[in-house]
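Chains as they are written, first to last, in the working numbering: chain A, 1 to 469; chain B, 1001 to 1442.
Any given hint could be a false lead.
[To be verified] So, partial list: chain A residues that the calculated Cβ filter (under 8 Å) puts toward chain B:
no., residue
1, PHE101
2, VAL234
3, GLY257
4, VAL381
5, ASP385
6, GLY387
7, LEU389
8, HIS468
Note that these hints are calculated values from the structure, not bench results. All values derive from a computational prediction rather than experimental measurement. We put the CB at the ideal spot given by N, CA and C, even for glycine.
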Amino acid sequence: MSRDTSTNRSTSDEGTAVNDTPARRGVSRRSLLTGGLGMVGAGVVGATVLQPQLASAGLNDPRPADVAAAKAGLTDGRTLHLAATDGWVGMPTDAPARAPFFPDALAPSPFNTYVFGFRDVTHLHAADGSISDANQAKLDALKGHAQISAPLLDFDEMTRVRVSLTNLGLAIRPDLTDGHTVHWHGFDNAIPLFDGVPELSVAVPIGHTFTYYYQPRDAGTYMYHCHFEDVEHVQMGMTGMLFVRPKQNGTTKNHGGKTFSRFAYNDGDGSTGYHREFAFMLTELWSEAHYRDAHIQVNDWTDYAPSFWLLNGRAYPDTLADNGSLDAGSGDFAVPADERLRYQPISSLVEANKGDRVLLRLSNLGYQQHAMTLDGLPMRVVAKDAGLLRNGGTDLSFLTNTVEIGPGESRDVLVDTDTEGEFLLYDRNFSFLTNGGDSTQYGGQMTKVVVHPAGTLAPQSRANENPHA
Amino acid sequence: MRTKLPRVISRVGGAVLAGAVVALMAATPPAAQAVTDGVECETPTSASDTAESYVLTAKSGYVFTPDGNSIFMWGYAGSTGSFQLPGPTLCVTAGRTVSVTLKNTLPDPVSIVFPGQQQVTADGQADAANLAASPPTLAKPAARTSGTVTYTFVPDKPGTYLYESGTDQRKQVQMGLFGGLIVRPANYASGGADAHTAYGTAATRFGEGQEYLHILSEVDPAVHLAVEKNRVVNWAGYRPRYFMINGRSMPDTLAPNRASYLPAQPYSAFVHVQPFDPTANPDPAIIRYVNVGTVTYPFHPHGNSQRVVGRDGRPLQDGAADLSYDKFLVNVGPGQTVDTLFSWTDVDMFDPIDNSLAEFVPNQADVMTTGDTFYSQSPYLGSYADPIQGVTSYNVCGEYYHVAHSHALQQSTNYGAAMGGMMTLIRIDPPSALQTVDKPCN
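This is chain B alone, in the form it adopts within the complex:
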């Protein structure tokens, strides 16, 4: 009931958040170094100008939750061969033939469906549902334990999609058989008008290194225990207890991509942006939301509204008419994808030089700060003061942090403990000219 962030952290020995912070402190501007957050595309096993291929292996493994639980999952492993949640993010190009070979090591037949893709073939044949099969399946499955099947399609529309098991879906998707599919516009890589756009339009352009994928999911650990122990699942008692972004719950969502202490949960959900600047940072960030759960998730980014520019792999545009709209809450239905753009704009320009907020800056003894805080102890972007004794600050250089989370607030918990679950942070750095030598942001 009164679990504060520090307690969540202490349950995992401080390793998760401390690790995240160390990584944040080690990070340099996105262009200069390996990506530590944001979309990490799977490397195809082969690729040409007309086709690309991937191999996914369905296998079991365990994921960690911030309250110390370890949960048995099924997942699609990528080129590393290791179990992971979610499956590898496939970034393909419109117009090129995509082949995905599924190898199954699980005790059930498993398949993949690609909602939104058309004329998908399985082993060269038109793929079709077989609801008379046991278990029923929407796509040709790879036989249990050792089967293989290859799906092929030509994505024709850029956008954000998901892939997931098409077999015994209530069980298999809950168990973790899902991943993200990003279809790039045809000339995305060529540096032309398509470059860094979601849909090949100027209105869907985003900044380099400013691309995020949030795969939203839920876990009822009782289902996973039953599958692990080969017991009957009590679906009538289905009650999710964990809520995730990219297979992680807060505060694990903050850890960088491929954090060593989350070996099976490789994808960060941390969002790290620079403030809008007409010259230095004119392009927004994009967040591609994907819901692989069973209910609509009401996702609320603090700090600024986001512009909904795409839905289910379609731009919100009708000819010349712009149908996009601003939202401070992004509602994502089951199976849906939503693309949003946002820039954080320093509209008020509160300035430490004229200290216009002096009357509002509290004496630290007169306010409560959590034992671990992301607050800089200053209202001004780029300013920093040491916290009082006993408070650990994760603030690096006077940057701002805003939270982004499900507003069905029981989903922003880890098995009921607040400040967890489907939640992450958005970090906003001071503009580089306002960063100081003694407190650099990198």
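Excised from the complex, chain A in its bound form:
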């Protein structure tokens, strides 16, 4: 099988190509919508008269009336390359053993839990998109080195986004010829080819690459995950977060006595402005299911009973450890201080300067309801499911100290860090603050917000980064 990472087409001419979609129609969509078939003016008049009605019902933003308008304003955006494979990660080693499921005896030291996951391999490409033989070898070597949570992705609104997915196969399960997909969870008005549901479009077989294409029009906090046998692949770790940054970014707005140039949404008034942003993927990890996948056993998913509760793929106190970093030589992650966390590279530690406004992007791809509490600092929920909580002049945002978030939901939360000190951010369901049932100490979905004196931290260059000046 040839591996072509630049295009969805095969490099061979084998198989049945379907690119020859014949012009079977008497009229093109373009001519139809710009006045063909006797509908002269209907699209335009209808659009101006009826779309505001739709918008007032809040159904959609005003949408383009024809193909030219649909394409207007789009600029070239990011091109990413993800790889999907399996691997090993480390839950806290002081969690009680639960033989034979945890720790998994198959796991190479210092790891203990089998996972599936994504890797971002964009850095292995040259600027022109090509990939050298040496870097292709590094890419291939990532088979068996998945990460959880998946790489944080961010795109700009109204850009052309390409995300290629290569299926590297599973190192531990060569018998398992599962495909993988990328499902952009929450993408509005998706077309099936890029929605990642195998039964409704296509999946990526082992050794192949498929490119997903998006033209994101709606800023906000989303998720992505594999939708191939979703109950299994999502639980196994193929879950990550994805943001669409608003066109308003780069403008300067004042709100609440603070000045912002970065925003969660196109709010028009700076009310979703922030200085620092932190993303939290909430999941649960059921050790029995991970063990069974590694050991070629079947799982009854309706027995779901998680063992670990995770923020960005880590359980407290691992949530506080630094972000991982890449090793340019190997193309893999550098070995961190605690090697066990090498493939859980996303920190959940929140640090800010006094006076900052911090954006917490919360999402849940577990199967349980969660409720994140922040002690000592009020939270303002400004969006749910990538939808700004505002209708015209009606502000639906609200202050709270606990943000509930169901499976598949997202929240955008703003916190003014006007008080120095340390504050705990944790799941108010206390039974989720344990690692493997250990009742003697805190674990699970907990982290800290540390507010330093002004000037302690440099500006962030990416989400979840804590750059000390």
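Model the placement of chain B on the given structure of chain A, informed by the hints.
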């Protein structure tokens, strides 16, 4: 663990999905023919401008699950007299007196409560809970085996509600004694401002034939077996294995209303819409979610966000202030109802004429397609290509399909087998002008 859709289908001999597809292929635009999906209202036994009456019979029967299981249930039968799950959908009108006569054939006393309705009477008396009764009951029950009771109320608020047993509810609601209640605005039928609205407001208007009811439920077959065999139910071991929309699990959810091969599960959960068009299809579809289960169901429609416009029989409106909001995940709590509107809008207008997605269209040999697929083999709405050999396509005319399912993903399984459970599909047809003669959508 690796159950793909085709295997689910093969377990039922292909009949369910194949039947659904045949029906889809036979379907014509909603206005032109009998409804094959969407809300099917029960016909009242009598109706006038001021009152309407229904007769429901509590009885037992069996439902089928896609993995071949057959489960003993209790349910409210409607005018057909046949056991069904869920109970008949009662569509009543605000301001008119509603009478529901319950006839009981079950071995336990059974009642009906109408959460959200006020001043419900039972046999002409103010209805009240009797927690000292055995079993305890929230409403006057019809005696076991042969009792009858008539409940009467005047619904004052339009919206989406449920009705369910008020007696020994943990057992009886789990056994299937529930149904949907839709209260229409007062002048719904008169063609005025109330017509095709959920709450008599322009903001809750929906398209004709574009009304869907999703009653979400769960089944622990061990409970049902115990009741069938007259054994003690082990509630401490309660663990639901099947998750349903309108009493069906995926892929049965796709079959049309009154599919002959699902005799006791008459209501489809298939959603079939046309893309938004300012002239041809300006109004959205409405989905009325009803949760009769024990946990919050996080229901995720792919393809587009939905606008939450009502909750528990109340519009999300406060005077002039519009409190509605967009969600890509509709969380429905136990006993709750949520009304959403959605339109699928062809925002990108990817066009086969300029073939702007040419670089992304895969060679079929380089991607995996499930053995049974709903994919048209083309990214463009209204385009179609034959699948490679060995793949059965259910695609009719280049239409799009999106999945909608519980995102507590163990609930999107049939006893643990993926691509089942609380899941359905949303079908989006190409606009009629883009349909072709050789591949018509109907």
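These are the hints, each one checked on the structure:
no., hint, verdict
1, PHE101, "violated, 16 Å"
2, VAL234, "holds, 6 Å"
3, GLY257, "violated, 27 Å"
4, VAL381, "violated, 11 Å"
5, ASP385, "holds, 5 Å"
6, GLY387, "holds, 4 Å"
7, LEU389, "holds, 6 Å"
8, HIS468, "violated, 37 Å"
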